[in-house]
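Take the sequences, apply the hints, and build the full model.
Here the protein sequences come in this chain order: L and B.
Under our numbering, the first sequence is numbered contiguously, ending at residue 283.
Under our numbering, the second sequence is numbered contiguously, ending at residue 579.
Warning: the hint list may mix true and false statements.
Stated by the list, open to error - No farther apart than 27 Å at their CA atoms in a straight line, the calculated lysine-lysine pairs in the DSSO-like style are these:
{"no.": "1", "chain 1": "L", "residue 1": "LYS223", "chain 2": "B", "residue 2": "LYS271"}
{"no.": "2", "chain 1": "B", "residue 1": "LYS260", "chain 2": "B", "residue 2": "LYS376"}
{"no.": "3", "chain 1": "B", "residue 1": "LYS401", "chain 2": "B", "residue 2": "LYS504"}
{"no.": "4", "chain 1": "L", "residue 1": "LYS223", "chain 2": "B", "residue 2": "LYS27"}
{"no.": "5", "chain 1": "B", "residue 1": "LYS45", "chain 2": "L", "residue 2": "LYS223"}
{"no.": "6", "chain 1": "L", "residue 1": "LYS215", "chain 2": "B", "residue 2": "LYS45"}
{"no.": "7", "chain 1": "B", "residue 1": "LYS49", "chain 2": "B", "residue 2": "LYS526"}
{"no.": "8", "chain 1": "B", "residue 1": "LYS215", "chain 2": "B", "residue 2": "LYS375"}
{"no.": "9", "chain 1": "B", "residue 1": "LYS313", "chain 2": "B", "residue 2": "LYS290"}
{"no.": "10", "chain 1": "B", "residue 1": "LYS375", "chain 2": "B", "residue 2": "LYS526"}
{"no.": "11", "chain 1": "B", "residue 1": "LYS390", "chain 2": "B", "residue 2": "LYS314"}
{"no.": "12", "chain 1": "B", "residue 1": "LYS204", "chain 2": "B", "residue 2": "LYS45"}
{"no.": "13", "chain 1": "B", "residue 1": "LYS26", "chain 2": "L", "residue 2": "LYS223"}
{"no.": "14", "chain 1": "B", "residue 1": "LYS215", "chain 2": "B", "residue 2": "LYS385"}
{"no.": "15", "chain 1": "B", "residue 1": "LYS401", "chain 2": "B", "residue 2": "LYS290"}
What the hints assert, rightly or not - Computed beta-carbon distance windows for the label pairs:
{"no.": "16", "chain 1": "B", "residue 1": "LYS145", "chain 2": "L", "residue 2": "LYS234", "range": "48 to 54 Å"}
{"no.": "17", "chain 1": "B", "residue 1": "ASP449", "chain 2": "L", "residue 2": "GLY219", "range": "54 to 60 Å"}
{"no.": "18", "chain 1": "L", "residue 1": "PHE238", "chain 2": "B", "residue 2": "LYS145", "range": "22 to 28 Å"}
Keep in mind that the hints were calculated from the coordinates and are not lab data.
All values reported here derive from a predicted model rather than from experimental measurement.
C-beta atoms are modelled at their ideal positions from N, C-alpha and C, and glycine is treated no differently.
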Amino acid sequence: MKINIDDLRKLLIGVFQKSEIPLDITNLKMNDFEEWDSLGNFSLLLAIEEQYNIKFDLVEMPNINSVTSILCALEKRA
Amino acid sequence: MKKLLVACSSYLNSRHRAWGKAREKYILEFSEYGEIHSIWSEQNKEACAVSIVFLDDLIDGQSKAALPRSISDCCEFLIDNITRRCEKSGELFIFCYSFSITFDPIRSAKRCSPKLKEKIKFTEALESLSDRYKSFYFLDIDACLESLGAERAFDSRNWYFARTRLSNLGMDQLVSSVLKIATRYQHPPHKVLVLDCDNTLWGGVVGEEGLAGIQLGTDGLGKAFVDFQKTIRHLKDEGVLLALSSKNNIEDVWEVFDKHDSMHLKREDLVAAKVDWNEKSKNIAAISKKLDLNVSSFVFWDDDIVEREKAKLAIPEMLTVDVPTDVHRWPALLETMFEFARFYVTDEDRKKTAQYEARSKFIELKNNAADEDYFLKSISLKGELIGLNQGNIARAVQLCQKTNQFNLTSNRYTYEQLWELASYDVEFCMLARLTDRLTDHGLVGLVCLRELDSETLILENLLLSCRVLGRKFEFWIMDKILAMAVRRGYKNIYGLFVDSGKNLVSKSYLRDCGFVAIDRPAESIKNLSIKNENSYVFMRDLRPLESFDRNIYEN
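Laid out in structure tokens, this is it:
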């Protein structure tokens with residue numbers, strides 16, 4: 206699954222409503238700002254699942270905590 | 025804003041979107057992971073509370089609360105602590121619980137699962153607690169999520185990854201259900217359902233197809249309309265008032281009502297019918313005037329989208345239902361409509377339609393009578409003051425919640441507060457009942473008194489349902505209060521009035537009863553009156569009322 210990084214940015218804005226999301230999110234990762242803590246990361250993963258109608262599995266989830274790893278995990282899916 | 029404390033036996037996503045709506049009404053506070061005991065701790069007794077308990081968390085020892093092991097231990101532990109909270113706090117408390125019973129056809133084919141047996145027992149215990157404590161409510165999480173299905177509502181992956189049991193969807197559904205309870209706790213349901221006729225109560229247009237041509241009966245679509253009418257009647261029996269607003273020839277409509285075998289609604293179920301070719305908004309305004317009820321408590325149901333859009337524009341305060349085109353979905357939709365849902369149905373609710381009918385008749389008669397007192401004497405008014413008891417306290421609490429117009433202080437007494445007044449002295453908290461030739465109005469008023477000292481009584485509140493105004497009943501009540509005060513040896517009575525912005529009707533009441541405003545009330549009085557800029561203190565001695573003809577009422 207190929208996804209548009211701008212769409213992902215919109216999703217970040219939706220989940221982290223109190224934070225300023227930079228224009229370039231390529232290198233963004235968990236703990237870069239307060240709202241993206243482990244709890245924030247969990248909410249983000251659930252939001253991505255809903256948006257793209259997919260389901261992450263328990264094994265990969267702990268490693269999906271940055272924009273790079275999100276894109277990577279999505280690309281793995283058909 | 026009030027504080028709403030939320031505690032869960034495992035992890036609860038406090039950043040979930042569904043909480044957004046709750047934040048508009050409450051200051052939300054989330055307890056730490058698993059700390060359900062925060063709900064019954066002393067320091068949180070002033071806060072409203074929601075606790076969300078998954079029994080498995082307690083059995084597993086996931087929760088930090090004491091660690092009982094067996095299911096029945098857990099249930100006992102919960103009931104004890106819920107009781108503790110209710111004993112010390114009269115604030116809203118919503119207890120949500122899940123037994124997450126897995127179904128196995130083999131294991132449950134010969135035996136009822138022990139968990140299910142415990143659940144039934146537990147739910148009964150909750151029900152009896154909710155009878156005892158009026159601000160206590162319970163929510164069965166499993167039943168609440170049933171329409172989603174356990175597969176979608178729960179998420180075992182989330183459980184192992186984040187120690188949270190529900191999926192995003194499950195959270196949406198649970199939180200919105202909790203908020204519905206919290207909202208109904210504060211706001212009464214809507215009062216009137218306004219219905220169209222053609223293609224709403226029956227299929228087809230009676231003016232064109234005739235009595236025999238309309239769809240209403242035992243087959244297909246006709247059956248759906250019958251079921252819809254049954255649901256409407258059911259709501260009527262729960263106290264919702266029914267009215268028609270329809271563009272038809274009235275003779276055609278009454279012909280269906282009177283002659284069609286499958287017609288479940290009867291003419292006498294309606295409190296008003298405006299069947300003509302006028303604009304519906306105009307007719308609905310007339311119904312609102314006739315019933316003396318604000319359109320904000322109206323719900324409008326019409327299959328025609330044009331009529332609906334017109335109504336929305338003309339009367340935005342009214343709820344116009346976006347009716348789906350599939351009639352077969354209507355019965356369930358109407359039955360589960362939040363606007364008409366009530367916690368329980370009182371005897372008063374069941375008599376609503378008859379009472380409003382009598383009221384319209386009363387207004388009509390009164391408008392035609394030349395002399396008011398003479399007219400009132402002709403309708404055999406009879407009043408009665410009844411001390412608070414187990415059987416009528418639910419009605420007293422309901423009156424406190426619902427009465428806005430004739431309500432001197434608008435103090436929303438809780439069940440516990442009323443009991444306290446009544447247990448001090450039976451004559452200090454009394455319900456007023458009114459009957460006349462036209463109807464039994466039921467329990468329509470509440471008097472709350474308190475003793476200041478051996479010579480002085482304080483009228484802490486007096487409220488009267490606005491549908492009985494115009495009968496001088498408020499003066500009859502005051503007459504009885506004064507007589508009681510004299511009999512008990514008091515010398516004076518204070519009266520409180522708090523301007524709520526909605527109770528203009530009752531503003532001049534104390535003055536009309538001969539009370540005099542006090543500019544600088546003594547501290548002891550000020551402490552009692554609600555600390556509010558808009559509160560006023562009045563006083564009078566116990567001489568009988570001057571401007572009230574006692575003979576209006578029968579003895």
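(message) Name the hints, by number, that the structure is in violation of.
(response) 1, 15 and 18
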